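Number of protein chains: 2
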Amino acid sequence: MVSDYKEILSDSAKGMKRSAIRELLKLTQKPEIISFAGGLPAKESFPLEQLQEICAEVIATDGAAACQYGSTEGVPELLEILAQRYRDQGLSYVTKENITIITSSQQGLDTVGKIFLNRGDKYICELPSYLGALGAFNSYGGVGVGIPQDEQGMSAVELEKTLAEMKAKGEKPKFIYLIPDFQNPAGMTMPEARRIEILNIAKKYEIMVVEDSPYRELRFSGKPQRMLYDLDNGEGNVITLGTFSKIFMPGFRMGWVLAHPMVIDNFVKAKQSTDLCTSAFLQKITVKFFQKNYFDANVKKIVDMYRSKLEAMLGAFEKYMPEGVTWTRPEGGLFLFLTLPEGYDAEELFQIAIEKNVAFVLGTVFFVNGGGKNTMRINFSYMSEEMNIEGVKRLADAIKELYARKK
Amino acid sequence: MVSDYKEILSDSAKGMKRSAIRELLKLTQKPEIISFAGGLPAKESFPLEQLQEICAEVIATDGAAACQYGSTEGVPELLEILAQRYRDQGLSYVTKENITIITSSQQGLDTVGKIFLNRGDKYICELPSYLGALGAFNSYGGVGVGIPQDEQGMSAVELEKTLAEMKAKGEKPKFIYLIPDFQNPAGMTMPEARRIEILNIAKKYEIMVVEDSPYRELRFSGKPQRMLYDLDNGEGNVITLGTFSKIFMPGFRMGWVLAHPMVIDNFVKAKQSTDLCTSAFLQKITVKFFQKNYFDANVKKIVDMYRSKLEAMLGAFEKYMPEGVTWTRPEGGLFLFLTLPEGYDAEELFQIAIEKNVAFVLGTVFFVNGGGKNTMRINFSYMSEEMNIEGVKRLADAIKELYARKK
Numbered sequence: 001m002v003s004d005y006k007e008i009l010s011d012s013a014k015g016m017k018r019s020a021i022r023e024l025l026k027l028t029q030k031p032e033i034i035s036f037a038g039g040l041p042a043k044e045s046f047p048l049e050q051l052q053e054i055c056a057e058v059i060a061t062d063g064a065a066a067c068q069y070g071s072t073e074g075v076p077e078l079l080e081i082l083a084q085r086y087r088d089q090g091l092s093y094v095t096k097e098n099i100t101i102i103t104s105s106q107q108g109l110d111t112v113g114k115i116f117l118n119r120g121d122k123y124i125c126e127l128p129s130y131l132g133a134l135g136a137f138n139s140y141g142g143v144g145v146g147i148p149q150d151e152q153g154m155s156a157v158e159l160e161k162t163l164a165e166m167k168a169k170g171e172k173p174k175f176i177y178l179i180p181d182f183q184n185p186a187g188m189t190m191p192e193a194r195r196i197e198i199l200n201i202a203k204k205y206e207i208m209v210v211e212d213s214p215y216r217e218l219r220f221s222g223k224p225q226r227m228l229y230d231l232d233n234g235e236g237n238v239i240t241l242g243t244f245s246k247i248f249m250p251g252f253r254m255g256w257v258l259a260h261p262m263v264i265d266n267f268v269k270a271k272q273s274t275d276l277c278t279s280a281f282l283q284k285i286t287v288k289f290f291q292k293n294y295f296d297a298n299v300k301k302i303v304d305m306y307r308s309k310l311e312a313m314l315g316a317f318e319k320y321m322p323e324g325v326t327w328t329r330p331e332g333g334l335f336l337f338l339t340l341p342e343g344y345d346a347e348e349l350f351q352i353a354i355e356k357n358v359a360f361v362l363g364t365v366f367f368v369n370g371g372g373k374n375t376m377r378i379n380f381s382y383m384s385e386e387m388n389i390e391g392v393k394r395l396a397d398a399i400k401e402l403y404a405r406k407k
Numbered sequence: 001m002v003s004d005y006k007e008i009l010s011d012s013a014k015g016m017k018r019s020a021i022r023e024l025l026k027l028t029q030k031p032e033i034i035s036f037a038g039g040l041p042a043k044e045s046f047p048l049e050q051l052q053e054i055c056a057e058v059i060a061t062d063g064a065a066a067c068q069y070g071s072t073e074g075v076p077e078l079l080e081i082l083a084q085r086y087r088d089q090g091l092s093y094v095t096k097e098n099i100t101i102i103t104s105s106q107q108g109l110d111t112v113g114k115i116f117l118n119r120g121d122k123y124i125c126e127l128p129s130y131l132g133a134l135g136a137f138n139s140y141g142g143v144g145v146g147i148p149q150d151e152q153g154m155s156a157v158e159l160e161k162t163l164a165e166m167k168a169k170g171e172k173p174k175f176i177y178l179i180p181d182f183q184n185p186a187g188m189t190m191p192e193a194r195r196i197e198i199l200n201i202a203k204k205y206e207i208m209v210v211e212d213s214p215y216r217e218l219r220f221s222g223k224p225q226r227m228l229y230d231l232d233n234g235e236g237n238v239i240t241l242g243t244f245s246k247i248f249m250p251g252f253r254m255g256w257v258l259a260h261p262m263v264i265d266n267f268v269k270a271k272q273s274t275d276l277c278t279s280a281f282l283q284k285i286t287v288k289f290f291q292k293n294y295f296d297a298n299v300k301k302i303v304d305m306y307r308s309k310l311e312a313m314l315g316a317f318e319k320y321m322p323e324g325v326t327w328t329r330p331e332g333g334l335f336l337f338l339t340l341p342e343g344y345d346a347e348e349l350f351q352i353a354i355e356k357n358v359a360f361v362l363g364t365v366f367f368v369n370g371g372g373k374n375t376m377r378i379n380f381s382y383m384s385e386e387m388n389i390e391g392v393k394r395l396a397d398a399i400k401e402l403y404a405r406k407k
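Read top to bottom, the protein sequences are chains C and G. Per this note's numbering, residue 1 is the first one in the first sequence, and the count goes up by one each step. Per this note's numbering, residue 1 is the first one in the second sequence, and the count goes up by one each step.
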């Protein structure tokens with residue numbers, strides 16, 4: 001081994017830590033632990049019988065093309081299906097030139113970093129925000145500027161204030177990163193009025209908006225709020241990332257980007273050197289799921305399943321949680337966010353919780369400003385309803401013990 | 001669209017061009033064109049019947065895990081299979097801690113760039129070298145320093161000279177990038193003696209070696225030369241990249257890294273923010289191909305097929321090529337390299353060739369120093385033997401026309 005191995009690493013690699021969540025997941029894979037830590041879909045959500053049928057069909061009818069290299073943009077039929085779905089939602093101006101397939105929306109986040117960020121460049125994110133996005137942006141030397149949330153998501157007032165201050169200093173962030181639907185980790189959904197406010201501020205300061213939208217299709221209640229991309233009327237100020245991981249199968253590692261063709265061109269050029277193309281085999285299987293109308297039926301099944309899991313969990317929170325703990329009541333997605341009374345430390349709680357065989361993610365990992373020490377992210381999609389309830393009981397016990405220690 | 005869109009792009013994105021090869025491939029997809037331009041496996045090489053059988057088995061017996069997120073390192077069984085294969089080749093010290101799965105070896109190249117290169121850092125490559133690697137390294141601001149090849153690959157004399165000169169200037173490249181087996185694009189294989197020379201120089205100057213090995217298993221004739229990783233006795237100076245794209249299916253987008261555990265750790269950390277994990281579904285299918293002994297039988301079938309294609313093509317070169325044209329006679333891989341007499345321009349030839357419905361890749365794209373203007377890369381794996389012969393005829397006609405124009 002070269003003696004200066006650690007020194008020859010890039011600044012990017014020197015700054016990389018193993019993902020707190022991924023490492024936690026390993027810790028919590030012991031069978032006796034009820035883990036609320038991951039963001040995994042329920043295994044019952046995977047349409048295995050249909051997958052059997054469709055794999056056989058794709059291999060029989062289109063096998064050679066499925067096994068070959070594909071175009072970097074993606075399988076044309078899949079691009080067209082996604083474009084049509086947006087048109088069906090009223091985004092009449094979307095064509096397949098607005099879409100490209102990516103190998104997971106994590107690749108989309110990585111590519112956003114790659115095409116916009118020089119080392120030291122700033123970007124705007126929510127407090128809290130998705131750790132995987134922050135990790136990707138930071139790997140390109142991006143510096144996150146956090147904007148506090150209220151119950152409607154990113155505060156427009158704080159955003160404008162921050163941008164005005166930055167402008168006065170001659171600074172301009174490269175983009176505003178948002179998860180408007182069922183935010184990860186906080187769980188709330190940004191109402192349309194707030195989306196319009198944020199978009200208008202972005203346009204006023206001429207800043208791109210990155211709309212990360214992994215959960216949009218997983219709405220259990222309430223009314224869908226128009227996408228920021230939609231509110232922008234396709235004028236090119238918004239880049240939207242979608243994924244098949246939560247509404248189909250994470251094992252396929254597939255997502256898509258919806259953006260102005262100029263932005264799509266940058267994504268495609270970047271992808272040529274990052275992985276050339278996404279698996280044509282998996283794309284073609286996905287196309288058939290749409291064509292046979294299996295896709296939406298499966299999404300509906302998932303939504304019903306997760307709604308029921310969330311309701312059971314919220315019921316258990318009401319029943320078991322001690323005084324002083326608060327939590328979000330999301331209208332969809334995979335997560336809710338728990339807050340301990342001010343002054344209590346979720347990291348201390350984590351140790352007690354692990355002893356009681358229940359795990360969660362520390363909220364603080366989602367805060368670029370180091371805040372959120374009394375918060376936790378709780379996943380409700382992966383475990384069964386019964387385990388969710390049992391896990392809440394254990395967590396409530398752990399919190400009571402934490403309270404007792406502090407007295 | 002923000003008015004300064006092109007200005008807010010990162011230096012990386014500003015420097016990205018669409019891959020010359022990928023764009024050429026589009027040009028040459030007209031059915032009447034015989035294209036020697038890509039690096040595509042023959043579609044007859046894909047084991048579709050076995051894929052049918054194995055997909056059905058994986059979904060039936062391990063479907064839920066296959067559809068779920070997997071670990072960033074890769075499916076443990078696949079890591080163990082790859083480690084065992086290296087041990088079977090005499091690399092007794094290889095364990096699964098030396099291996100991680102990547103989403104195509106292109107992702108491996110991208111990650112090498114990400115973890116080692118700051119903007120302006122230098123790396124060593126061959127003249128010529130694989131365009132996709134240069135593109136990936138350059139996207140991180142890497143600056144390629146080209147070392148000429150002789151008929152044994154990278155010149156050890158020139159390498160030592162260059163490193164000594166750099167050292168005198170206080171410069172040190174981050175790594176030496178090599179394709180020792182059936183080099184892309186030049187086709188030659190580096191003999192063991194040269195590998196040892198290069199490795200000793202690398203160790204003397206304490207520089208990592210990146211051994212790109214996409215074709216190693218595709219040997220048609222001659223004796224396998226020990227891998228640089230093997231010659232290093234696993235001491236950590238060599239990072240080897242492998243891929244399933246040429247020996248199995250590019251549609252799976254799967255490769256692997258063989259390296260010291262410290263290097264593997266950097267790859268894993270980087271991958272957590274680039275795509276989290278490679279498809280567990282495709283990894284599990286691949287595991288079953290090994291377990292049922294289908295994998296090696298298929299590689300043998302591919303080797304026999306490509307050997308026959310290459311022989312037919314070399315025969316056609318002998319028969320049809322006009323005086324002055326020379327070409328490599330590779331012992332394996334997918335490519336041979338054609339050189340026109342000094343002073344002739346392959347780009348001018350390309351225009352004539354396209355009119356005659358035959359295409360190739362301009363050699364010059366593989367030279368970081370802008371050289372190779374009279375060279376071309378010719379793929380022999382994708383087209384049928386008959387088409388390969390017909391294509392060589394057309395190419396020979398085009399060269400004759402080029403000669404006539406120059407008179």
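In case anyone wonders, no lab produced these hints; they're calculated from the structure. Fair warning: this is a prediction, and the values are worked out from it, not measured in the lab. Take the hints with a grain of salt, since some may be wrong.
Which stretches of chain G does chain C cover? Using the computed rule of at least three CB atoms under 8 Å from a CB of chain C, they are [what the hints assert, rightly or not]: (1) 3-13; (2) 56-62; (3) 86-95; (4) 155-167; (5) 248-260; (6) 274-284; (7) 357-370.
Ideal Cβ placement from N, Cα and C applies to all residues, glycine included.
Quick rundown of the hints versus the structure:
no.	hint	result
1	3-13	holds (count 9)
2	56-62	holds (count 3)
3	86-95	violated (count 0)
4	155-167	violated (count 0)
5	248-260	holds (count 6)
6	274-284	holds (count 9)
7	357-370	violated (count 0)
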